[in-house]
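A.B. asks: With the sequences and hints as input, model every part of the structure.
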Amino acid sequence: MNNWLLLFRGINVGGNNIVPMKKLTEVLMSMGCAEVKTYIQTGNFLIEHQENNQSKLSANIADEVEKSFGFKPQVLVLSLDEFTQAARQNPFPKAELEPKSLHLFFLSQAAQSVDLNDLFLLKKPSESFELVGQVFYLHAPEGIGRSKLAVKVEKHLGVATTARNWNTVQKLLGLAGIE
1 MNNWLLLFRG INVGGNNIVP MKKLTEVLMS MGCAEVKTYI QTGNFLIEHQ ENNQSKLSAN
61 IADEVEKSFG FKPQVLVLSL DEFTQAARQN PFPKAELEPK SLHLFFLSQA AQSVDLNDLF
121 LLKKPSESFE LVGQVFYLHA PEGIGRSKLA VKVEKHLGVA TTARNWNTVQ KLLGLAGIE
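Heads up: the sequence shown begins at 1 in full-length UniProt numbering, then just goes up one per residue.
Don't read these hints as lab results, they were simulated from the structure.
We put the beta carbon where it would ideally sit given N, CA and C, even for glycine.
A couple of the hints might just be wrong.
[Said to hold, decoys possible] Below, computed lysine-lysine pairings styled on DSS-like, alpha-carbon distance capped at 30 angstroms:
1. K100 x K124
2. K22 x K37
3. K72 x K22
4. K23 x K100
5. K100 x K148
6. K123 x K100
7. K37 x K72
8. K37 x K124
9. K56 x K152
10. K124 x K94
11. K94 x K148
12. K56 x K23
13. K72 x K155
14. K67 x K94
15. K123 x K148
16. K100 x K171
17. K171 x K37
18. K22 x K56
19. K155 x K123
20. K100 x K72
21. K67 x K23
22. K123 x K171
23. K67 x K22
24. K56 x K94
25. K56 x K171
26. K152 x K72
27. K155 x K56
28. K124 x K171
29. K124 x K148
30. K22 x K94
31. K123 x K152
[Stated by the list, open to error] If you anchor each label on the Cβ, the simulated ranges turn out as follows:
32. Q54 x I178: 33 to 39 angstroms
33. F92 x E26: 35 to 41 angstroms
34. K171 x F92: 39 to 45 angstroms
35. K124 x Q50: 17 to 23 angstroms
36. V151 x G15: 34 to 40 angstroms
C.D. replies: Written out as structure tokens, the structure is:
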């Protein structure tokens, strides 16, 4: 069995795509997922599954959610090593003191031909960002809701993303038994 982290995009946010975590857990278990653990209502799961291919597992889960709930979400599947590495590579360690100001945008695939200058023009003077592999780190001390950069990240990277704040990243690591 392989250990995976599932990051669902856009469920139970703003009253859209409402999915009870208990029912979603049941769907995952019916697909062969074991040791299913969840954190908060926005679609963060730790699972064990025999599938070795992340893309295939993601597509299968999205298809099952569509059958069960009537919409097809983006499901980013990460190994625990990938997720742990993303946390360890945080280029803004001082921002960890304000965990809701630090966000990790996990990319569905590597961004191609990214012009970071376009993103630099969008950022507030107080904001900092860095793209490291398939993770876009954003420190937005004034709040992500006030960040023009946060709204435009996906468009400028040209790939689908799903973001988690530092607090959620730490809670998921703890849930996985990683310190």
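A.B. asks: All the hints need checking, so say for each whether the structure fits it.
C.D. replies: Status of the hints after comparison with the structure:
1. K100 x K124: The hint holds at about 17 angstroms.
2. K22 x K37: holds, 10 angstroms
3. K72 x K22: holds, 18 angstroms
4. K23 x K100: holds, 28 angstroms
5. K100 x K148: holds, 17 angstroms
6. K123 x K100: holds, 17 angstroms
7. K37 x K72: holds, 21 angstroms
8. K37 x K124: Given that 30 angstroms is the threshold and the Cα spacing comes to 37 angstroms, the pair is violated.
9. K56 x K152: holds, 28 angstroms
10. K124 x K94: holds, 18 angstroms
11. K94 x K148: holds, 22 angstroms
12. K56 x K23: holds, 22 angstroms
13. K72 x K155: holds, 20 angstroms
14. K67 x K94: Violated, at roughly 43 angstroms.
15. K123 x K148: Between K123 and K148 the Cα gap is close to 7 angstroms, so the pair holds against 30 angstroms.
16. K100 x K171: Judged against 30 angstroms, a Cα distance of about 13 angstroms means the pair holds.
17. K171 x K37: holds, 12 angstroms
18. K22 x K56: holds, 23 angstroms
19. K155 x K123: holds, 14 angstroms
20. K100 x K72: Cα-Cα ~28 angstroms, so holds.
21. K67 x K23: holds, 13 angstroms
22. K123 x K171: With a Cα-Cα distance of about 28 angstroms, the restraint between K123 and K171 holds, given a limit of 30 angstroms.
23. K67 x K22: At roughly 16 angstroms apart (the allowed maximum being 30 angstroms), K22 and K67 satisfy the hint.
24. K56 x K94: Cα-Cα ~37 angstroms, so violated.
25. K56 x K171: Roughly 26 angstroms between the alpha carbons, so the hint for K56 and K171 holds.
26. K152 x K72: holds, 23 angstroms
27. K155 x K56: Distance of about 25 angstroms is within 30 angstroms: holds.
28. K124 x K171: Measuring from Cα to Cα gives roughly 28 angstroms; hence the hint holds.
29. K124 x K148: This hinted pair holds, its Cα atoms lying about 8 angstroms apart.
30. K22 x K94: violated, 36 angstroms
31. K123 x K152: Cα-Cα ~10 angstroms, so holds.
32. Q54 x I178: 33 to 39 angstroms: violated, 19 angstroms
33. F92 x E26: 35 to 41 angstroms: Between F92 and E26, where Cβ atoms are some 38 angstroms apart, the hint holds.
34. K171 x F92: 39 to 45 angstroms: Between K171 and F92, where Cβ atoms are some 18 angstroms apart, the hint is violated.
35. K124 x Q50: 17 to 23 angstroms: Violated: the Cβ-Cβ distance is about 46 angstroms, outside 17 to 23 angstroms.
36. V151 x G15: 34 to 40 angstroms: violated, 19 angstroms
The earlier numbered hints that this structure contradicts are 8, 14, 24, 30, 32, 34, 35 and 36.
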